[in-house]
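So you can see what is in the structure, the chains are spelled out below.
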Amino acid sequence: MTESALSIESYRDVAPRGAVDFLLQLAERARGRRFVHVNSTRVGGGVAEILRRLVPLMSEVGVKAEWEVIKGDPDFFAVTKAFHNALQGYDQVFTDALLQHYLEINRSNAERLDLSGDLVLIHDPQPAALIERRPAEGRWVWRCHIDLSTPQRRAWSFLRRHVLRYDAAIFSLPAFAQQLPIPQFLVYPSIDPLADKNRAMEPAEVSRLLEPLGIPADRPLIVQVSRFDRFKDPVGVIAAYRMLKRYHDAVLVLAGGGADDDPEGARVLADVREAAAQDSDIHILDLPPDAHLTINALQHAATIVLQKSTREGFGLTVAEAMWKGKPVIGGATGGITAQIIPGVTGYAVSSVEGAAHWMRHLLAHPEAAARMGEAGRENVRQNFLITRQLREYLSIMVHLTA
Amino acid sequence: MRNPDAAHAARPFALTGCIELREILGRRARDERELMEEIEQAPAESIYYHTDSVFLRRPLVASAYPNDFATWVATQIRDQVLAERLGMVDPFLLGNVEDLREALLSLLDDHLEHLNPVPRVVFGDPFFFVRSHLIEIPTGLAASTLPALRAALAEVDVSAIYLHALDARSRRGIPGGQIAQWIGEELGLDALAEQVGKLNPYVGGLERLREQMLALLDAELGAAPAHGGDR
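Line by line, the protein sequences give chains C and E.
Sequential numbering from 1 applies to the first sequence in my numbering.
Sequential numbering from 1 applies to the second sequence in my numbering.
Derived from the structure by calculation, the hints contain no laboratory data.
Treat each hint with caution, since some may be false.
[As the list claims (entries may be wrong)] So the derived list for chain E, only partly shown, Cβ under 10 Å to chain C, looks like this:
#1 Gly17
#2 Glu20
#3 Ala74
#4 Thr75
#5 Asp125
#6 Pro126
#7 Glu155
#8 Ala160
[Stated by the list, open to error] Computed footprint of chain E on chain C; a stretch qualifies when at least three of its residues, placed anywhere within it, have a C-beta under 8 Å from a C-beta of chain E:
#9 8-20
#10 25-36
#11 179-187
#12 337-345
#13 380-393
Predicted, not measured: the structure shown is a model, and the values here were computed from it.
All C-beta atoms in this analysis are idealised placements derived from N, C-alpha and C, irrespective of residue type, glycine included.
Sequences are here, hints too, so could you generate the full structure?
This is the structure in structure tokens:
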């Protein structure tokens with residue numbers, strides 16, 4: 001069965017026991033109501049990736065689910081990119097003309113799109129100003145997928161006056177919420193367990209996918225999958241790995257992307273290569289954005305997965321790794337701490353030494369590592385699968401439109 | 001003695017599940033005194049979220065500590081003594097949220113009396129207060145006999161186990177929970193009702209609780225042991 005043809009029934013084998021039937025019962029309360037998602041792209045990025053699966057599932061369970069995408073010109077996307085960065089705490093400059101352009105593009109989209117719905121869920125800042133033209137009927141909710149914990153003041157002040165007009169907002173972590181006079185709900189993002197990036201893989205398929213990469217299969221494999229970004233601390237991972245090598249003969253894989261179209265990413269990748277210093281046991285893979293099967297195979301092959309970020313939005317690579325039954329050592333930041341149960345599914349660390357210490361511990365205690373892997377998979381089954389996110393979106397609809 | 005296979009209830013037991021909507025309150029604590037002050041002022045649904053309904057979010061995998069307050073104190077403040085004491089506060093024995101709040105406050109007050117300075121977060125995250133909105137949804141499953149109850153409990157969404165077995169104790173003041181109550185009152189199986197009502201929720205999550213419940217029902221029905229929990 002192709003990915004796009006998967007139905008809710010396909011999730012019975014991976015979701016918690018009884019969860020699909022319960023979801024269908026919940027959906028009866030929302031049957032026939034119109035649930036409109038609006039974002040800024042149909043392809044690329046985590047939001048589009050999850051909507052591509054979530055919207056058909058919503059329709060299948062009886063909700064009139066629609067997915068609208070706003071259109072903009074390069075100036076619009078330049079200002080929304082700057083918004084994105086500023087809201088995550090980076091210095092950005094906005095001219096009044098750019099902000100005005102952002103509003104105009106939102107107004108023209110509001111004219112073009114059908115925004116009538118019982119619940120209209122606006123994803124991220126790009127379409128947030130559509131709220132200016134909301135119809136009289138229906139409830140509007142702003143879904144923020146980004147880290148708003150330390151926003152640049154001017155960007156947030158501008159956006160805030162739009163957010164205030166919504167009926168509610170949704171954030172991925174409590175730390176991202178703001179002082180707002182509207183209800184702010186907490187909904188964790190999720191992974192799709194049946195997507196190429198996360199589906200089950202037999203060892204032979206894993207070997208076939210990894211063989212061209214030249215990664216040895218005869219020693220413990222430490223894997224970190226993330227963009228080449230300083231906040232993911234890839235150089236810190238190499239330092240921790242060197243400490244580990246004093247005690248265990250292991251192999252390190254740093255797999256990521258983002259170096260092609262991002263000058264900063266290219267600089268980080270150069271630093272990582274320099275830190276690796278021709279060590280043949282350190283494999284640095286600059287992967288294309290669609291290398292889902294390769295990433296899946298790497299996570300399946302890993303003995304331990306790292307996500308040693310020093311700053312993180314949610315960090316769904318942690319859930320992806322736990323879903324493959326791997327113990328995860330992650331930086332004690334952002335959503336990583338919401339996913340790892342310390343000492344049960346992995347460890348949250350605050351230093352290079354912490355990462356090295358727990359890697360050494362897990363390699364010396366493979367039975368403990370296996371237990372953690374199993375616990376991690378169950379933790380993901382209960383809390384981080386798309387079926388849980390679907391359940392929460394439907395329950396927000398039921399709650400707000402009752 | 002009543003035959004457990006034949007006992008038939010006049011009132012069927014309808015299983016209801018629940019979904020927890022989580023509302024971020026914007027209140028936070030950075031040290032143990034602030035934690036105490038916020039617990040004093042937080043809505044009851046927030047105290048409930050950080051204690052009782054932790055079980056709903058960890059149905060199979062138990063953390064080292066059974067409530068968010070103890071976990072935060074242990075992992076972010078790193079005050080093991082307070083974490084251990086908070087970890088032993090049992091919402092399911094207290095029967096209502098206000099008694100639970102009072103127990104937490106007394107414990108914090110006693111602990112802080114002996115400490116100066118007040119332990120605070122240095123490297124970690126603040127404690128964020130969240131409020132629970134529990135939405136109850138009928139599962140469509142119901143039972144009038146013990147075999148039917150056994151079948152329904154084996155397949156129902158685990159949130160129904162939470163609602164009937166644990167939430168009923170702490171929010172509805174039913175000491176053994178609704179499942180035990182129904183077995184006793186409707187089926188007249190008092191000994192089984194007492195056993196089910198005394199099941200220990202601190203066994204590693206709701207799925208383990210479900211397994212234990214199924215094992216008790218199987219023993220009563222004389223059937224082979226149940227295989228609940230593991231997929």
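Okay, the hints, checked on the actual structure:
Hint status for Gly17/E: holds, given a least beta-carbon distance of 5 Å to chain C, under 10 Å. The beta carbon of Glu20/E comes within 8 Å of a beta carbon in chain C, closer than 10 Å, and the hint placing it at the interface holds. A hinted interface residue such as Ala74/E counts as satisfied when its beta carbon comes closer than 10 Å to some beta carbon of chain C; here the least separation is about 9 Å, so the hint holds. With 10 Å as the threshold, the beta carbon of Thr75/E comes within range of chain C, its nearest partner Cβ sitting at about 6 Å, so the hint holds.
With a least beta-carbon distance of about 7 Å to chain C, the hint placing Asp125/E at the interface is held under the 10 Å criterion. At a threshold of 10 Å, the smallest CB-CB gap from Pro126/E to chain C is about 8 Å, leaving the interface hint in force. A distance limit of 10 Å between C-beta atoms decides the matter here; for Glu155/E the minimum to chain C is near 6 Å, and the interface restraint holds. Proximity of Ala160/E to chain C holds as hinted, the smallest CB-CB distance being about 8 Å (cut-off 10 Å).
For a cut-off of 8 Å, the count of residues in the segment 8-20 of chain C with a CB near a CB of chain E stands at 4, and the three-residue condition holds. Residues of the segment 25-36 of chain C lying with their CB closer than 8 Å to a CB of chain E number 3, which satisfies the three-residue condition for coverage. Check on the segment 179-187 of chain C: 7 of its residues sit with their Cβ under 8 Å from a Cβ of chain E, so the three-residue criterion for coverage holds. Using a Cβ-Cβ cut-off of 8 Å, 6 residues of the segment 337-345 of chain C lie near chain E, which meets the minimum of three, so the contact claim holds.
Coverage of a stretch by a chain is defined here by at least three residues with a beta carbon nearer than 8 Å to that chain's beta carbons; for the segment 380-393 of chain C and chain E the count is 5, and the condition holds.
Comparing the model with each numbered hint stated earlier shows that all of them hold.
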